[in-house]
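Q: Turn these sequences into a full structure, and let the hints guide you.
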Amino acid sequence: MSIETHHISKTFGHPPTTVLRNVSLTIPDNDFVSITGRSGSGKSTLLYILSTLDNATEGKIVIDGETVSAMTPQEVHRFRNQKMGFVFQFHYLLPELTALENILIPARKTKVHEAKREKALALLEKFDLKGKDHRLPSQLSGGEQQRVAIARSLIMDPQYLFADEPTGNLDSVNGDTVIKILKDLNEHENMTIIIVTHDPDYAAMAKRRIHLVDGEVVDQ
Amino acid sequence: MLGIVLGTAGYVTISGIMLGFRVFIIDQLINNDAQVRISAREEPILADSLNEEFFPEAKHIFWLAPPSGRRDEAKIEYPQGWFDRLDRDVRVLAYSPQLTIQAIMRRANISENVRMIGCDPAKQERVTEIQKYMLEGKFSDIGQSGNRMIMGLGLMKNLGARVSESVLISVGKGNPIPFKIVGVFQVGMKTIDDSTAFAALNDVQKANLTPSQVSDIAVRLINAEDAKGLASSWSSLSQDKVQSWDQINSGTMSVFKTQDIVRNSMTLTILIVAGFGIYNILNMMVTQKRREIAILRSIGYEPKDIISLFMTQGVLLGTSGGLLGMIFGHLICRYLSTITVDSGRMIGGGGTMMISFDVMIYVFGFLLAFGSSVFASLLPARAASKLTPIDIIRSEA
Ligand SMILES: Nc1ncnc2c1ncn2[C@@H]1O[C@H](COP(=O)(O)OP(=O)(O)OP(=O)(O)O)[C@@H](O)[C@H]1O
Ligand SMILES: [Mg+2]
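The listed protein sequences correspond, in order, to chains A and B.
All letters in the first sequence, in the order written, are residues 1 to 220 by this note's numbering.
All letters in the second sequence, in the order written, are residues 1 to 397 by this note's numbering.
Certain hints may be false.
As the list claims (entries may be wrong) - One side only, chain A facing chain B, incomplete, derived with CB under 7 Å:
1. Y48
2. L53
3. D54
4. H77
5. R80
6. N81
7. F86
8. Y92
9. P106
10. K109
11. V112
In case anyone wonders, no lab produced these hints; they're calculated from the structure.
Glycine included, each C-beta is placed from N, C-alpha and C at the ideal position.
A: Structure, rendered in structure tokens:
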């Protein structure tokens with residue numbers, strides 16, 4: 001299975017400004033792709049379109065053989081819940097919930113949070129957060145918060161993991177840890193990883209690099 | 001939140017006071033007076049009323065001074081007919097023929113205008129609960145004859161009289177007649193307590209020089225709700241005026257209607273304010289929780305999940321506020337019901353304020369709080385569900 005884009009473009013506003021131009025990509029399973037480019041070049045926009053969070057103005061996206069624009073909203077929501085994980089620059093943890101409860105939020109949507117409890121605890125342990133399952137986000141460090149956010153994105157065993165500058169708010173030690181986790185998921189769990197990053201070192205660790213200049217793919 | 005609490009508390013308290021008072025008054029009306037009263041129609045004499053009697057032959061009659069006035073005495077023409085009918089009717093519990101007259105009561109040089117009701121005490125006691133309100137003596141002490149009477153406490157005070165004294169009654173014709181006071185009652189309504197006296201029917205008829213006249217028949221029904229229907233069907237059967245208790249007291253009833261309007265519009269205002277409070281809180285919450293909404297949406301939560309999330313919040317606020325308000329209102333009512341009111345006008349037994357603790361007040365109060373919070377949550381919840389994850393994430397970064 002794979003994610004394919006066919007000649008997608010994205011324009012915003014009035015007068016229309018084109019942010020993505022005629023992007024055609026194929027991302028096969030178990031790929032590790034980094035998206036790079038200057039600020040404003042359209043990296044986030046491309047990532048959101050690849051992950052169904054946003055729609056393309058032109059062209060079509062096919063994920064696992066299904067055209068996204070032809071799916072019903074319910075199907076898209078199910079897809080996101082079951083097959084996709086998201087990590088952003090900010091962790092977006094719910095401040096009222098403990099680390100463990102935060103990790104189980106996606107499972108709660110389909111009422112499998114009881115069944116996923118063991119897995120959540122295993123993820124906490126794996127990410128060096130053992131014993132911190134009952135802490136609130138405010139009682140965790142920035143690096144720990146981001147690792148909880150990654151655990152949350154993995155709880156439903158997604159095929160695809162989308163990360164928009166996941167290291168953007170972290171120091172280099174914590175940043176390295178995050179990238180190591182992603183690399184490990186790609187190598188040992190067969191996950192497809194798509195990451196937006198400014199850091200050339202991290203970008204170089206990917207199997208493949210997509211470089212955007214003014215919304216056009218110039219190098220892949 | 002505070003708005004909902006105060007709103008519900010206010011509703012519960014005001015309703016408790018108004019309805020308590022109302023229950024008391026209606027109880028008085030149903031139990032202390034006839035549920036259906038049959039009384040003589042007061043017939044005015046019109047310009048042509050007397051034509052027949054004076055000039056049965058004439059076709060055209062012109063009066064120089066047309067006759068005017070009112071027929072002599074208000075009386076029921078054929079009481080026996082009514083008695084037979086009432087005896088036969090299974091819906092009638094009891095009835096009591098009465099002669100009510102206006103009289104002047106004099107003790108030493110104090111005189112008071114009174115309404116004297118002549119009745120058969122045994123029958124009267126079955127029609128009203130007057131015996132319950134006797135402070136001294138028994139209602140049956142007035143007997144069948146012997147010029148004994150009982151009077152309201154207010155009236156006795158105004159006359160400066162005491163039980164077992166005699167006072168003079170004059171009706172405007174004949175000599176004043178002494179009546180002995182054998183008892184005192186207090187029903188709690190000033191209009192009655194200050195100006196009413198009961199005596200035996202025979203004695204009143206004699207004093208009024210109208211033997212065997214009956215001006216009213218007070219009827220008690222097995223079921224007080226039948227009063228209106230029975231009154232109107234009986235009324236069509238005869239010349240006499242037949243009124244049910246709520247028609248007799250239509251003034252009081254319309255006061256209740258006005259009270260209801262005031263109470264409801266007040267509640268409505270409070271709840272609108274309270275609703276705005278909830279609306280504002282939720283709107284703020286939606287703004288504060290934008291990040292959470294974004295992540296939930298990107299995780300696969302649907303708009304309807306977001307709606308139910310915020311609706312739950314709003315309804316939780318509303319219902320907890322409503323419950324608090326109900327407790328608060330209940331406590332206020334409890335407190336109010338222990339306050340003694342000025343004893344000249346006893347309200348309810350024991351001289352304390354009558355407060356209604358009817359569950360329906362609480363049920364309705366809760367429904368109002370619940371309804372207004374649902375209503376107030378709708379818009380913010382919908383607005384929250386319309387937010388898309390990328391818009392939020394972009395505005396954050
Ligand atoms: N909703 C929008 N309306 C108008 N313009 C937008 C909108 N969203 C994005 N843009 C524009 O599209 C362009 C690309 O935005 P995008 O967020 O994809 O850039 P980026 O490569 O992720 O930048 P950065 O590295 O700063 O995150 C920017 O010029 C941005 O101003
Ligand atoms: Mg970006």
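Q: Look at each hint and say if it fits the structure.
A: Checked hints:
{"no.": "1", "hint": "Y48", "verdict": "holds, 5 Å"}
{"no.": "2", "hint": "L53", "verdict": "holds, 5 Å"}
{"no.": "3", "hint": "D54", "verdict": "holds, 5 Å"}
{"no.": "4", "hint": "H77", "verdict": "holds, 5 Å"}
{"no.": "5", "hint": "R80", "verdict": "holds, 4 Å"}
{"no.": "6", "hint": "N81", "verdict": "holds, 3 Å"}
{"no.": "7", "hint": "F86", "verdict": "holds, 5 Å"}
{"no.": "8", "hint": "Y92", "verdict": "holds, 4 Å"}
{"no.": "9", "hint": "P106", "verdict": "holds, 5 Å"}
{"no.": "10", "hint": "K109", "verdict": "holds, 6 Å"}
{"no.": "11", "hint": "V112", "verdict": "violated, 12 Å"}
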